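Protein sequence lines, in the order shown, are assigned to chains H and E. Using the numbering used here, the first residue of the first sequence is number 1, and each one after it goes up by one. Using the numbering used here, the first residue of the second sequence is number 363, and each one after it goes up by one.
Honestly, the hints are just simulated from the structure, not real lab data. In this text, all values refer to a predicted model and were calculated from it rather than measured experimentally. Built from N, CA and C at the ideal position, the CB exists for glycine as well. Just so you know, not all the hints are guaranteed correct.
Pairwise CB distance ranges (calculated) [stated by the list, open to error]:
1. E:I383 x H:S152: 47 to 53 Å
2. E:P673 x H:S184: 55 to 61 Å
3. H:D268 x E:I383: 42 to 48 Å
4. H:L277 x E:D700: 55 to 61 Å
No more than 20 Å apart at the CA atoms, straight line, and that leaves these computed lysine to aspartate or glutamate pairs for EDC-like [stated by the list, open to error]:
5. H:K2 x E:D547
6. E:K375 x E:E711
7. H:K58 x E:D547
8. H:K275 x H:E358
9. H:K7 x E:D606
10. E:K420 x H:E319
11. E:K375 x H:D244
12. E:K420 x H:D244
13. E:K364 x H:D128
14. E:K420 x H:E22
15. H:K7 x E:E711
Chain E side only, calculated, beta carbon under 7 Å to chain H, not exhaustive [stated by the list, open to error]:
16. M367
17. G453
18. A591
There are 2 protein chains.
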Amino acid sequence: MKRLMRKCVENLKLYPPGKPIEELERELGIRGSIKLASNENPLGPSPMAVRAVRENLKNLHRYPDANAYYLREKLAGKFGRPMSEIIVGNGADELIELVVQTFLSPGESVIIPGHAFLLYETFARSFDGSSLIVPLADLSVDLEAMINAVASHTKIVFINNPQNPTGKALTRDEISRFLRELPSDVIVVLDEAYIEFSTDPEVASGLEFLDSCPLLVVLRTFSKIYGLAGLRIGYGFASRTIIDALNRVRQPFNVNSLAQAAALAALDDDEFVKKTLTLIKEGLAYLYGELDRLSLSYIPTQANFLLIKTPLGARETYERMLRQGVIIRPMDSYGLEDYIRVNVGLPEENSRFIHALERVIA
Amino acid sequence: MKRLMRKCVENLKLYPPGKPIEELERELGIRGSIKLASNENPLGPSPMAVRAVRENLKNLHRYPDANAYYLREKLAGKFGRPMSEIIVGNGADELIELVVQTFLSPGESVIIPGHAFLLYETFARSFDGSSLIVPLADLSVDLEAMINAVASHTKIVFINNPQNPTGKALTRDEISRFLRELPSDVIVVLDEAYIEFSTDPEVASGLEFLDSCPLLVVLRTFSKIYGLAGLRIGYGFASRTIIDALNRVRQPFNVNSLAQAAALAALDDDEFVKKTLTLIKEGLAYLYGELDRLSLSYIPTQANFLLIKTPLGARETYERMLRQGVIIRPMDSYGLEDYIRVNVGLPEENSRFIHALERVIA
């Protein structure tokens, strides 16, 4: 009898078939819960993006543009990169998987920093590759250890910058040195889902290094700063060779037409970006102050979320907060048993979070 | 030096970086062209779906439901299948790829009928498998030849029903015999993207055979009958074992939230479905009559499109029609050098197509 599944698939975890918040609330007998668990934009979606969606509803029966022509044209202008070096995906998640699918041969491996985005590892496994996880040093990405970990079978190195879930970010000098010291036949994926939130002038985007690093891939998303997580749209920059290869594997109609229209419009929504950044800045100032007052330790962040150490442990804190109607992210599934991750919300959400946390740990 | 791409990727065709219609029109100096090339619904999207999209715009900043809970619940009710045996994808295209990714081990092969959907072959290649194409017999799927083609390394058999691009469909008896005679360790994917258009009472859906065939996968889409191609949403039915395996590989946020909301609403839009079916029926009657008048041969169809033999050849007809502002599908890329495929449009589009074709072949 033939084996049914591919061998690697048997080793993949089945994503827990969770329930929508509405169902969860019904089960717990609570109402009006708030969600600070997924680093979503508390202001909602970009209004200019929403307007563009409205204007494109009459053409939903048409297939989307397989080449995201207008969006790539706009991104090219905004970031000063050629259209042929830009790709658009069904969320940055799809682009991460596409890089693995396109480049990782069976038996090759990827290098991932400790406690990083869980999907990096899943994708590597799903394409018959392996992952090497390089532990964080003092909760920071250990670039030197990552370089030392490169072996002949290493194909891809993933780095989140700013890093999820710590919120720490790499500086221009750190990235520059890392890219210089890394063997030149290793693909580097810089996942910059949160880069727009970074306030430290020393923090740099990988975009600056594209011309000097032919195997660098820089990924961005419209999910966070533009508030479009529900639409699924991310984008990436790399050399034409890399982008051409990804396009060979990419499904032609991977990005829905409303996402393309919304993203195109969002890129002009400077007012929304400004409001978002102000809200995050003020929210963080409030949260830092309150966490200090509660003598809880946390990591100052370059993103729109915060990693907080909790005396109750991740899971217990999560469950108690849930019963208070505050949904946060327990980080035990990321291997951080004593930490929760919470994104900055609206002022009233931040305050509700703090007061619930205060009650819960009392 | 390490090989950059996976070996199989080098053999994949680079999807031609085409331009949106607007750009094409500008280049050709034409305006107001009509598109009958992609089997889209000429009535536009389901109005109930569009309303649902409008009502869900305020939550675009939230990630979509990773489990498409409400949509699967609705599909379960409508089709009388358990939720655990239903999966939703970013278009049926994604589900086709997911089946290959989950089940096709390197060196295994898929069997595909001649001139079928080009992506079946691409996906097999992209996962280091091979494809065996079984030629059509008199432009019909040759089920007996497909069964005879099964070898020990055969993992998946793909069948479109109704078939694209011929518009022919398999009957209940044909499917039943095929499933009975096929070795029981081969996965059968019945791609029913057009099944709702079928008018022949002998034509059957694979849904009837799910309980007796543990390795049967039935795929459907919201792109055609519900006019939601732009949103990217398809769905599939299979045994729980198959669905669980697909869910291990599937990206959690593969289906955007507007697509989920639109699809949920569309399933109640009986009036739109009825209007669509009437339009297609009347459009086909008109087209059959006019093609007879022009002495052009065509295949009577069970779908919303028509395969037509053209004396000029596919490519030449396509190019001349394009200059008339009528975009159709030349089937040379599907290996049918003398055929074009055209979908039924609005009455005025059908008439414009016929008159353009008459001029072009004169």
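The hints, checked one at a time:
{"no.": "1", "hint": "E:I383 x H:S152: 47 to 53 Å", "result": "holds (48 Å)"}
{"no.": "2", "hint": "E:P673 x H:S184: 55 to 61 Å", "result": "holds (57 Å)"}
{"no.": "3", "hint": "H:D268 x E:I383: 42 to 48 Å", "result": "violated (23 Å)"}
{"no.": "4", "hint": "H:L277 x E:D700: 55 to 61 Å", "result": "holds (60 Å)"}
{"no.": "5", "hint": "H:K2 x E:D547", "result": "holds (7 Å)"}
{"no.": "6", "hint": "E:K375 x E:E711", "result": "violated (33 Å)"}
{"no.": "7", "hint": "H:K58 x E:D547", "result": "violated (45 Å)"}
{"no.": "8", "hint": "H:K275 x H:E358", "result": "violated (29 Å)"}
{"no.": "9", "hint": "H:K7 x E:D606", "result": "holds (15 Å)"}
{"no.": "10", "hint": "E:K420 x H:E319", "result": "violated (28 Å)"}
{"no.": "11", "hint": "E:K375 x H:D244", "result": "holds (10 Å)"}
{"no.": "12", "hint": "E:K420 x H:D244", "result": "violated (36 Å)"}
{"no.": "13", "hint": "E:K364 x H:D128", "result": "holds (17 Å)"}
{"no.": "14", "hint": "E:K420 x H:E22", "result": "holds (16 Å)"}
{"no.": "15", "hint": "H:K7 x E:E711", "result": "violated (51 Å)"}
{"no.": "16", "hint": "M367", "result": "holds (5 Å)"}
{"no.": "17", "hint": "G453", "result": "holds (6 Å)"}
{"no.": "18", "hint": "A591", "result": "holds (5 Å)"}
Hint compliance for this structure: hints 3, 6, 7, 8, 10, 12, 15 are broken, all remaining hints hold.
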